[in-house]
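Here is how the chains run, residue by residue.
There are 4 protein chains.
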Amino acid sequence: MSGTLKTGVIGLGFFGSRHARIYADHPAAELVAVCDSDQARAAAVAGETGAQGFDDLHALLALPELEAVSICLPDRLHEEAALAAAAAGKAILLEKPLAHDAATARRIVEAVEKSGVRFMVGHILRFDPRYVQTFYAAAPERLGTPIHIRAKRSGIRATAQRLGASSSILFYMGVHDIDAMQWIARSRISRVYAQKVELLGTGNEDALYAVVNFENGAIGNIDYSWAWPDGLMNGFRSTLEIVGTKSAAYLDCTDQGLYVVEDEGTSGGDTHLWPEINGRIAGDLADELGHFVQATLSGKPYVQHYREALDAIPVLDALAQSAQTGVPAEVVR
Amino acid sequence: MSGTLKTGVIGLGFFGSRHARIYADHPAAELVAVCDSDQARAAAVAGETGAQGFDDLHALLALPELEAVSICLPDRLHEEAALAAAAAGKAILLEKPLAHDAATARRIVEAVEKSGVRFMVGHILRFDPRYVQTFYAAAPERLGTPIHIRAKRSGIRATAQRLGASSSILFYMGVHDIDAMQWIARSRISRVYAQKVELLGTGNEDALYAVVNFENGAIGNIDYSWAWPDGLMNGFRSTLEIVGTKSAAYLDCTDQGLYVVEDEGTSGGDTHLWPEINGRIAGDLADELGHFVQATLSGKPYVQHYREALDAIPVLDALAQSAQTGVPAEVVR
Amino acid sequence: MSGTLKTGVIGLGFFGSRHARIYADHPAAELVAVCDSDQARAAAVAGETGAQGFDDLHALLALPELEAVSICLPDRLHEEAALAAAAAGKAILLEKPLAHDAATARRIVEAVEKSGVRFMVGHILRFDPRYVQTFYAAAPERLGTPIHIRAKRSGIRATAQRLGASSSILFYMGVHDIDAMQWIARSRISRVYAQKVELLGTGNEDALYAVVNFENGAIGNIDYSWAWPDGLMNGFRSTLEIVGTKSAAYLDCTDQGLYVVEDEGTSGGDTHLWPEINGRIAGDLADELGHFVQATLSGKPYVQHYREALDAIPVLDALAQSAQTGVPAEVVR
Amino acid sequence: MSGTLKTGVIGLGFFGSRHARIYADHPAAELVAVCDSDQARAAAVAGETGAQGFDDLHALLALPELEAVSICLPDRLHEEAALAAAAAGKAILLEKPLAHDAATARRIVEAVEKSGVRFMVGHILRFDPRYVQTFYAAAPERLGTPIHIRAKRSGIRATAQRLGASSSILFYMGVHDIDAMQWIARSRISRVYAQKVELLGTGNEDALYAVVNFENGAIGNIDYSWAWPDGLMNGFRSTLEIVGTKSAAYLDCTDQGLYVVEDEGTSGGDTHLWPEINGRIAGDLADELGHFVQATLSGKPYVQHYREALDAIPVLDALAQSAQTGVPAEVVR
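Residue numbers (full-length UniProt numbering), protein chains in the order written: chain A, 1 to 333; chain B, 1 to 333; chain C, 1 to 333; chain D, 1 to 333.
It is worth saying that the hints were derived from the structure and are not from the lab.
Where is the CB? At the ideal position from N, CA and C, for every residue including glycine.
Among the hints, erroneous ones may be present.
[Said to hold, decoys possible] Covered stretches of chain C, going by a simulated chain B footprint (3 or more residues, C-beta under 8 angstroms):
no.: 1; segment: 126-134
no.: 2; segment: 255-267
no.: 3; segment: 270-277
no.: 4; segment: 281-293
With the sequences and hints as input, model every part of the structure.
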């Protein structure tokens, strides 16, 4: 492999600032520019990484040497940024969710396809060894036919409070698992039933439970919550399990293998997603961005086609609709 | 406390044979008689325990010295036995589920109330330290208002095959968790939506997933399966979690703390339900029967009133109905 | 089984007060008397349980109707109490350790044997399903010849501070595991090497590590600490593992299956040792006392002969000696 | 960063073949040559990766364009290869252990220092998020003064049988933990006592237990075994824990978060060390090699200085000596 990919990052919040650092450290990437509507933040990240700082994404995209961008903006700003990046001819790594509803997601995909740029959606679980190996264990020749599949994602209420109206439990958390379930089950969700609850007053749903049907006959169970008290060990828990006619597999991310014991209590730490070790960010997120860089440079396909990422969005719409109406909803694709 | 309770056991399958042994060992119980339609089995258990053996429950119930019976028959035979025991004036410990449908359950309760005999339903989780302490942790002053509650019970397909048409996933497994959820949430389920799947051909549903609503506004998530391959560690897994406005609690029975490693693989063992140690059956089941014996002798109330056990059955009926019709069902009480 | 055992409890600290409550609840026991040098404490426990309260153990032992006593005093007071109870002809349940050194332990055993009273040492792990099933898994026909065995017991520094000079890490914690290792390995420890460390200034060793040899050729590893910060989940952790020529087994008590999540952090709870559920103390300690009551009444042997308990004490002496001298020590029996 | 590092791999066994694949995939490395005394193996790996194949390491080292090599040979062949690579002016990544005894290790270090080549020893735990974060948690300002530290590494007997006389439990497994303990405790081991056992007849010790002292006053406990039955979940278990005067931390690699359930049993999978996902080897080993490549190219220091790796070897010698003599041994540095 040869050459480096000249990258930029649009949006420098929790994820964007990590994208910037990972690109800055990656041997095949060169971080050229970063951008945030908060000028001070843009300047700070630019200073740390040696990249140029912008407060306007169009200015960043106008850089002719820039080859690729990560878009790490709030969900509702994905469309404008993605369309602008596509128009500018840059390869795009768009942080999940693809968009905040299916219609928008389809417009983004159309624009990208029309422009011909490379396009990948940042589904980090596609790079988590636990999820990927569960996908392997669920290969038809090992698992047989899927019977049922369940996914759980539990976060803390501080996240719901922080995000407020900028995202939702379905599009912030849920998209991970809808994608993972369809990927691992090798089938798409066709029908859903959901119930939600709002008691904490965070401006978001506290939790959403759902039962779904897959095109291949399997049933699914979904458990999303960001109502957990902030003292939840590691700040989150996720699990996924799939049972087939021949075998089964499950993953449980509760135990990260690391415990810190103080007089006040026992806590954990992230050992998989984006642990900061030896002065760099390692783990799943670094592997995801490394894949984007290398596959973009080499012209090879990304591990996930963006049409699979697109497949998750109408399910989220259907879940939101069912939770609103109280009756089952068909997934409209 | 003084005196001993003269007990009998009707039905000597997996549970009944354990009831017999536990009574035979209990210092405040005297196992007087056992009964099974399979005469050889009755004779075997009678021989081991020193009790009289019967192949007809009415003959057993005719023993004037008998004070109390455990009924451990298949679900559909509960009514006949319970009514006969009530008519004979015996205190009754009826293995869960109370009955195989709500109408039958109500008839049993009516007959028991008319007869005036003591009556307890064998909900073993009421004696499991993990579930009981989760109940304590969910006290309103600690938990606040319940937001969501989830229960999971995963068994192996060998159980589904063994039981065939004599029970069902809802009445064999599900009744545990419906009771536990209503007990721990301090509220009853009012509305349900369920989906089931049958691919293994065991003569039973393989799995059932459901989303439910509680009277107090909380939502619930249910995950029942006995489609797991027979090599599932410990033969089962169950979890329960509840999140409230102030705190949360969860239990996970996956790790029993015990591992046996052989060349062929790593397996576990039961350290809670009915472990056989030091020549006797210990654990939750022994505690349940001990409670029945002591509270019956002392005249004190059982930890669970049978009307709470009754409250679980219409939920099971509603779940079965929704799984059949594909639309939500109201719980008819 | 018939009749009840009239019991008393001498020493009403952490363990003694639990013994009293368990006897008071047990159907085959009658708690007749309790005793503590702190008169107020004796009166309080007497009031709760309906027993007579004493501040002098000799007065308690003078009760003619009393048949059995639990001795739950600090280690150095075991001898006086045990000899007095033996002289008074009472069956004895002596909380571990048998004594605070081997010479004293031997004197107690001699006195008991001369008196002819029943005698059991309270080794609770003999009633813990995890340890007992590991013992079963280590049966020679399953395990083959033991190769190595390891035991770990980790407590919090608050315990070391509370006990001060009244016990030691070896006699308070270590006796559990020395007994368990010799029991499960079916062999006695013959030689030891230990190192200790004292940095916290609790008046006790913070920790002691040791390597030991068994008579059957196996090697052993011991890890004792009560230097853990007080926020250690569940307040303690213990593990044991044994590997043999044919198979292996291990137990890990870290995960109790129960988690309480609050804003401040995640904590656990005791689900095995002495959980208080449904208004009574359940678990291992209750099973231990129940065994003492029933075996005493029936005249059957206790699950552990007191000579096995005695076998642990010279090992503790040797460990203390090696930790002092810095060279290996032979176990003198 | 710019440019690529032209690398070669000497020795193509379990580790060497992985090194070759990782270099072949790495964006900043170019795998130029591989070498194995087994000509067929060298040809196979060369074919897969596009590198040149050699059966003589001197021929490989004679390639002028080659800049760096991984040496993945059996322990006793490290010296010849390292000296030759140093003489040839190549940067060296030497798989652990540095050497099979302290005298050899010192000769290697001297030769490397004389030659002036870059030199790193492959201590993979320095790249494992669990170990690295435990190192961070043990920083003096968080942990206080170390009191005690314990490390455990349990492997399966198949490994002992496979390696035979080519390595030993101390140099194959133990070197990991000696390095980790000294690194995390910020202190060196000065005195050791060890016992070993050999019952399985694999040509290696089955297990070695040790108690050690650190220069800073802390005590250490070591548990090495490769006597576990081959069915041990995941094939290995490792743990490490450190307790200080202010706080404590522990890691437990037993739970990898992944479970595959079949009729025959439940098994796991590697999610940390070298999981193969998305067509490449990810995890700790890939991070280690990536660090070697990037730090070599940039001229920055490696995360571990080779003198720290050297510090582990005399401890292994002392452990072997103590296990042989049965008395404590001083570490000679």
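Structure-based check of all given hints:
1. 126-134: Coverage by chain B holds for the segment 126-134 of chain C (7 residues, Cβ < 8 angstroms).
2. 255-267: Since three or more residues must qualify, the claim that chain B covers the segment 255-267 of chain C holds, with 9 doing so at under 8 angstroms.
3. 270-277: holds (count 5)
4. 281-293: holds (count 6)
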